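Got chain A sorted already, so can you dock chain B onto it with the hints?
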Amino acid sequence: MWQLRHPPARQLAVKSKTSLGLAVAIAAITLAPALFVAAGYAADLPSREGVLIIHSNARPTPAAVIVEDAMRQVLANSLGRPVEIYSEYLDAERFPTPGNAATAGEYLARKYGDRNIRVIVASAAQALQFAIAFRDRISASVPVVHVGVPKDQLEAMTLLPTVVGATVDLDPTATLRMASRLQPDAKHLVIALGAAERDRAWGDRVRSAVKRLPADINADYLAGLRTEDLLQRLRALPKNTIVFTPGYFVDGAGQVGSPRQSVELIAAASTAPVYGALDTFMGAGVVGGYMTPYVEQATRAGGIVVKLLNGTPPSEIAPSSVDARPMVDWRQIQRWGIDDRLLPPDTIVQFREPSLWARYWQAVSIALAILVLQAGSIVWLLAERRRRRLAEADSQKRFSEMAHMNRRVAMGGLTASIAHELNQPLGAIHNNAGAAQLLIKADPPRLDEVAEILEDIKHDDKRASEVLARIRRMLRKTDLEVGALDLSDAMGETQKLLAYDAQTHGVSVKVEPEAGLPKVWADSVQVQQVLLNLSLNSIEAMQGQPPETRQLTIRSRQSNAKEAEVSVIDSGTGIPDEILPNVFDPFVTSKVGGMGLGLSISRTIVEAYGGRMRAESMPTGGAAVHFTLPFEAGRHP
Amino acid sequence: MTPDTCCVHVIDDDVSWRRSVDRLLAAAGYRVALHESAEAFLATAELDAPGCILLDMRMPGLTGLQLQQHLLERRQPIPIVFISGHGDIPSTVLAMKSGAETFLTKPVDTDVLLKTIEQAMLRSREEHDRRGQLDALRSRVDSLTPTERKVFAMVVRGTLNKRIAVELGTAERTVKWHRQHIMQKLQAGSLAELVSLAERLGLVADRDPS
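In order, the protein sequences belong to chains A and B. FYI, the numbering for the first sequence is 1 to 637, going by my numbering. FYI, the numbering for the second sequence is 1 to 210, going by my numbering.
Only chain B is shown next, with the shape it has when bound in the complex:
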């Protein structure tokens, strides 16, 4: 499975259900990966690719909710569509609070299921794209020298060149040279762009929680 391949992961202990969902989603044009348990999913699934999980709430072994928590802990932002033979309110609430895409009850209307999967996949792709951009940005940031990184951090917080020069113990002219390099490396056309980039990377928040 290549990273760019979109995939719907169906995790359910009921083989009939798995087969039927496989058929439906395949007919709708999705790539489907079937897993008979949460453990099997964790063992084999490629989570970096965009995709979503159609997750049975109750299964022998790891339950759907437990898998959700597990993925949250691993910072795997894959959308999860919960599905259950019989939903109870507490577990639904818990699933939604933990960021579940939605919560469906078997039997699911075909249109609802397909729409839900479509949305989840769209979100996943967006997220994946966003993460891709961020990763690109991050790799650009990574290409900055330590000095440039310091300068970048101070620039996006609005520190004046003079002040930066004082902080670094260099000439203001050197700072300007660094800024130019930074703009080039990070492909930013303006200071505003640079600030937005830093925000996307969480650099501003990280450094200054206020």
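So that you can see chain A by itself, here it is in the shape it has in the complex:
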């Protein structure tokens, strides 16, 4: 906008010559309102109503802060018009002499001479004394409102009629009584005091209070010690001691702090529970005590200030007194193992950790509900899984029983073969034994021949045992023994089982295992069972054929990288087209009197290993059933 008011050419010329002046002008324009406002505010202050808060101590202690904040809050809320609040700190502990007070008075009189101070608030006794002495210098006949001044000290002062306030009763009797009630076995009382004027007042208060305590409690006053020495003493206390302290500003070495700081040190060092005098000690490590809440004192004082500012004469304002209340720090109650039933009924319990429930009951209930739902669903799922497992186990058991039955049926059909297989070696043994008897009776006995015979008997006995073992394996009902299996072994065993039956049925059996075929992962008996089922089917299927053409071939080959394929091929009439699609279903059979379970069970067995089974009619006549089994090496793809 500024640029638009000037021709561009000229602007360039001016700018190059006067750019510094321009910047100054802009700064002036920008800052002028702020300066003017600040000057206006400051200029306005002398006429504005002012409240001067004078603190006895050097800096904002917790109590001072409470007084300031409460005062400001009450004035802001109740007065309805702006009021200027000033704060001054006398540092009376370090500058206790009347000369210092006079200098401070002089200074404050000058500082606030042009201000409209309507009320002076004196925080603690020294400030009140100061205010009474110098108020007229600051603002003639200005009312003084005191706060935090102990009743006993107030009573010792000569008060002007314009001085009102909220007094506080610092009598430690109630606190000490409470302490002896909370620690019924404590007979020793330790009072930790500082080295300043304030502490002497406390010493008097405690002494008079101790007199009112049961006579068997003896008190020990640790007053005016160096902080380190005091703490040293406190560290050696038996647990059944009562420690009381009002805190101190100045220790025996002249070190200045705040009462709360001193209490923190005392409570940390003490090996016995510590009781305090002021509510600002709460949280500093004290168990508690009868305390006047500072906020309340300050709020009462604030109320008096408001009344004064609103024109109520000081004489019409009744002095206010705030009662001390029992307060405890729940953490300390816990720490010292104090029975909380001994607490006075109206005790204000602070720092009680609200239970998780009280603090987050909504979140906790939702979380609990979720947990319950989750747990419920987990339980339900587990139950379901268990049920499924049981069902699976049950169905597996049933299948296992059916497979066993199937083997028994198949083996039952081989009874003649089995008898033959067994009777061959048994017959040979018998003959050999007979021969041996004759040879022994011979004169001379032909013992070398007997030795040969015994060798043969052993051999035949082994052979009979093998036959029995083979049969028992097939008939056993034990668990599967799934492992690496050489298919040629299973095929050979099957051939042995079948041999006699095949011969009886005029069928010649050829077993053609592929050389070097890797082992498969399966149970030997189940594989033999499958081969036996398929072979017996085939043998039966060929009975209508001329004997010389009855040929059964059991062949194995590598189907792919992961599987071997076994084929059982016959030279029968093939599988009728109408049952070919359902040939593996149970109860589907082309045999008269057949249950049709053999193929179904066989397929189930093969599929349990992840294999497949298919049947086909060969173009050359006859049927072929092929099944695959996974190689051992490839069983975990």
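Derived from the structure by calculation, the hints contain no laboratory data. Hints should not be assumed to be uniformly reliable.
For lysine to any residue, the following SDA-like pairs were computed, each having C-alpha atoms within a straight-line distance of at most 25 Å [said to hold, decoys possible]:
#1 A:K496 / B:V15
#2 A:K510 / B:P60
#3 A:K510 / B:V112
#4 A:K496 / B:E39
#5 A:K510 / B:K115
#6 B:K115 / A:I440
#7 A:K441 / B:G61
#8 A:K510 / B:D22
#9 A:K462 / B:K115
#10 A:K496 / B:S16
#11 A:K458 / B:D13
#12 A:K462 / B:S16
#13 A:K458 / B:D22
#14 A:K462 / B:V15
#15 B:K115 / A:E449
#16 A:K496 / B:E36
#17 A:K458 / B:L34
#18 A:K441 / B:V112
#19 A:K458 / B:V32
#20 A:K510 / B:V32
#21 A:K458 / B:E39
Remember, it's a predicted structure, so these values are computed and weren't measured experimentally.
The following block gives chain B in isolation, referenced to the frame of chain A:
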């Protein structure tokens, strides 16, 4: 193997069994010939000698029953003792009907086996002797002239000399001369002996089925 050597033929496809039977029978004093199949037996065995067969019922190739039928067809009267790992009634019946010596089941009691073999061998020897006698007789009959044979045939049927003479168109005296020759050639001392001889040779039955 000489014709007069007695021999037990063991035909079985099971080598252990064959060996054990061989041992047992040899220890009992028999001569044993082992054959792993019926075909091998037929190819090598000398069947004219007395002996018996210990025959397995079921074998690859020719079965025991088939071998029995085969031998019957060849009119080989060698006693057969059937033996089986497992006998079933139909094949047992069939074997016995076809003249099997007996039927045993493995394992066979040693005494039973030896007794059976002994009996079979005895029968075989008797049969062999009988056949030997018959053969001798037959060769004697063969030594008769055609005319003598005609006369012999008629004599054993009880035809009178006169009638024979009429039949042959010769004199009764010639017939008598022929009869004498016949008696001499056939070593018969009487007509009764001659008739019995003809019966043994089956000549009577053959010529006159009534």
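Outcome of the hint check:
Taking the CA atoms of A:K496 and B:V15, the gap is about 16 Å. The hint holds against a cut of 25 Å. Restraint check: the Cα-Cα separation between A:K510 and B:P60 comes to about 14 Å, which is no more than 25 Å; the hinted pair holds. The hinted pair formed by A:K510 and B:V112 fails the criterion: a straight-line CA distance of about 38 Å is larger than 25 Å. Taking the CA atoms of A:K496 and B:E39, the gap is near 24 Å; set against the 25 Å cutoff, the hint holds.
Proposed proximity of A:K510 and B:K115 is contradicted: the alpha carbons are some 41 Å apart, above 25 Å. The suggested pairing of B:K115 with A:I440 holds, with an alpha-carbon distance near 20 Å, which does not exceed 25 Å. A threshold of 25 Å between alpha carbons decides the hint, and for A:K441 with B:G61 the separation of about 39 Å lies outside it, so the pair is violated. In summary, the hint linking A:K510 to B:D22 is not supported, as the alpha carbons are separated by about 31 Å, beyond the 25 Å threshold.
With a C-alpha separation of about 29 Å, the suggested pairing of A:K462 with B:K115 is violated against the 25 Å cut-off. As the CA atoms of A:K496 and B:S16 are separated by approximately 16 Å, the hinted pair is consistent with the 25 Å bound. A distance of roughly 20 Å separates the Cα atoms of A:K458 and B:D13; the hinted pair therefore holds under the 25 Å criterion. Pair hint A:K462 plus B:S16 holds up; C-alpha atoms about 12 Å apart against a cutoff of 25 Å.
Distance restraint check for A:K458 and B:D22: the Cα-Cα separation of roughly 17 Å lies within the 25 Å cut-off, and the hinted pair is therefore satisfied. Of the pairs offered as hints, the one joining A:K462 and B:V15 holds, with about 15 Å between alpha carbons and a cut-off of 25 Å not exceeded. Simply put, B:K115 and A:E449 have alpha-carbon atoms about 23 Å apart, close enough for the 25 Å limit, and the pair holds. Of the pairs offered as hints, the one joining A:K496 and B:E36 holds, with about 19 Å between alpha carbons and a cut-off of 25 Å not exceeded.
Among the hinted pairs, A:K458 with B:L34 is consistent with the structure: their alpha-carbon atoms are about 22 Å apart, no more than 25 Å. Note on A:K441 and B:V112: the hinted pairing holds, with a Cα-Cα distance of about 19 Å set against a maximum of 25 Å. Pair hint A:K458 plus B:V32 holds up; C-alpha atoms about 23 Å apart against a cutoff of 25 Å. Only pairs whose Cα atoms come within 25 Å are accepted, and A:K510 paired with B:V32 is rejected, the gap being roughly 34 Å.
Proximity of A:K458 to B:E39 is assessed by CA-CA distance (about 31 Å); at most 25 Å being required, the pair is judged violated.
Consistency with the previously given hints fails for numbers 3, 5, 7, 8, 9, 20 and 21, ordered from lowest to highest.
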